[in-house]
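Listed in order, the protein sequences are those of chains D and Y.
First residue of the first sequence: 10, per my numbering; consecutive thereafter.
First residue of the second sequence: 297, per my numbering; consecutive thereafter.
No lab work stands behind these hints, which were simulated from the structure alone.
Treat the hints with care, as some may be off.
[To be verified] Computed cross-link-like contacts, DSS-like style, restricted to lysine-lysine with a CA-CA straight-line distance of at most 27 Å:
hint: 1; chain 1: Y; residue 1: Lys548; chain 2: Y; residue 2: Lys567
hint: 2; chain 1: D; residue 1: Lys132; chain 2: D; residue 2: Lys65
hint: 3; chain 1: Y; residue 1: Lys621; chain 2: D; residue 2: Lys65
hint: 4; chain 1: D; residue 1: Lys21; chain 2: D; residue 2: Lys38
hint: 5; chain 1: D; residue 1: Lys65; chain 2: Y; residue 2: Lys477
hint: 6; chain 1: D; residue 1: Lys39; chain 2: D; residue 2: Lys226
Single-letter residue listing:
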Amino acid sequence: MIHVSKVRKVYKIEDIETVALDSVSFDIKKGEFVAIMGPSGSGKSTLMHILGALDKPTSGSYVLDGEEVANLSEDELADIRNRKIGFIFQAFNLLPRISALKNVMLPMRYAGIPQNVRLERAKKYLEMVGLGDRLLHTSSQLSGGQQQRVAIARGLAMNPSILLADEPTGNIASAQAEEIMAIFQEANLQNHTIVMITHEPDIAAHAKRIITIKDGKIVSDEVNKKQRMAG
Amino acid sequence: MDFEIFTESIGTLAVNKLRTGLAVLGIVIGIGSVIALVSLGQATQASVQSQIQSLGANLLTVNPGAQRSGAVRGAEGGGATLTYEDAKAIESDPLITTVTTVSPEISQRSQVTTGGNNTNVQIIGSTPAYLSVHKVEIGQGEFFTDQHVANMAKVAVVGPQVATDLFGDGANPVGQTIRVKGQTLTVIGVTGSKGGTGFFNQDNVVFVPLTLAQKQLFGQDYLSSMALEAKSPDVMTDAQNQVGYLLLARHKLSDPMQADFSIFSQADILKAATSTTGTFTTLLAGIAAISLLVGGIGIMNIMLVTVTERTREIGLRKALGARKKVIVAQFLTEAVILTFVGGAFGILIGILASFIISKIAGFMFVISLQSILLAIGVSGGIGLLFGWYPARNAANLQPIEALRYE
């Protein structure tokens, strides 16, 4: 359901061309848990932006659920992000000042889902990530790990085609990082597709499949035979 | 735009209360000054109109025009062309159907003395018709009668200001005597207070019988003017024509262009005064609009700062699927709330200010619904106008760039 074919991304700054991705191709099927690994500057962030419909490839094709994303307008991309992609960022990116509940409800609001449905679903996913008792806390009242769990609930709330996580444990203490990975594996068991970008082998070890990328090219793509189970 | 955007915007604006307050203040001052200054202009207009109307809405004035002697044309209004006989003819001619009363008048300033006091006032020689034509009330005593006019009686009716100046506050002048141009006149009445009109103070006048003024005081046969009362304000034009043709015939003139008199109605004066005060109101509103413009620029400035500060938030919202118009709606809502709240407070302050001004200056207190509706519309419009550019900037942010922004 994700079909990436010969994707190339070139940044051009003052006549100097930088190739961030060079002819990258892979497929991801429903229910997979894929870690994309690579050192900084390898192009993994660029790949995440393209997978997340935040950016378009310079050339090549990215088909998500049978839809070619490369040709879409800005508002159509917004709709794709809203319905098909659940983002989890390194810096959590919750809206400050509003409650965990309202943060989880936000993408559903952009989808035009009625308020009572939003509220029910937001509660359900916050309970799933273990924050059923902190529905009305704002981000300043939550620890880093708790904030990231709110972000996961928000990412799952629209029941997206992929949950796209960018260094999800980068700002979190290692004990809490294990909890986050446990939630990912739990979500994966429920048939959610997860793509996780990380440079930490310990974290990548929780995935079922690891794609390694370097200098804009895929250097390995293999099943993780020693998947580490968290919690 | 939904209700949630509204509540969310209120929440966002409440975070930085001082900044929100200062941004709103610009609009408060702008709208407040529009309301106050327009109200001031309208109060001026209304008081001028009511004063002119208090002189009588169906009043026609005939002034002597330039008298021609051969090819030489004399000064306008200075002619000696109107006579008491003209006035009587207008009253009695069967062809004049629209005029009910004619008040022939002769008017001149003169010194008036009594005992140790003296004052310089307008002496008006007329007939009892003056009372009804000019809507003058008698305060004490009585006005002179047709008999007094016919007998050239040495009587006078004084205005309340004259009574106070000559006889002191609260004294009864009726029965006392005054001296005008060497003649001793008995005061038989005092007129009610009417106030000034800007042309002359109607309270500072001495009325005497027309014949007395012509023969004994001023020694002139002609009239300074005639005031005519038409049957109703609707027949003013007819009255003007009928009187005009009669006077042309009496003065043996065939061409209306050569008329040695002019007739104008209270409506003509009213129109001129209204247009003057209207210009004044527009000017005031224009000055106030400039402060409103400055307030609007303040809103735009604050919104631009807000958009820059919230770049990451905007990036996140776009990443989560907010379309451009959702972002535009969010920031426009904030801007419109700012200007609307400013407008509401501005209306209150403007009303309060014009109330205080009207109390201090003694104007009528006038607040028109139009200016309030206009202020509400304009303040909302300013929010849309000055909020649009920052909102568009926000909507055009690229989500990746915005999320990276520190």
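Exercise. If any of the earlier hints don't hold here, list their numbers in rising order.
Key: 1, 2, 4, 5
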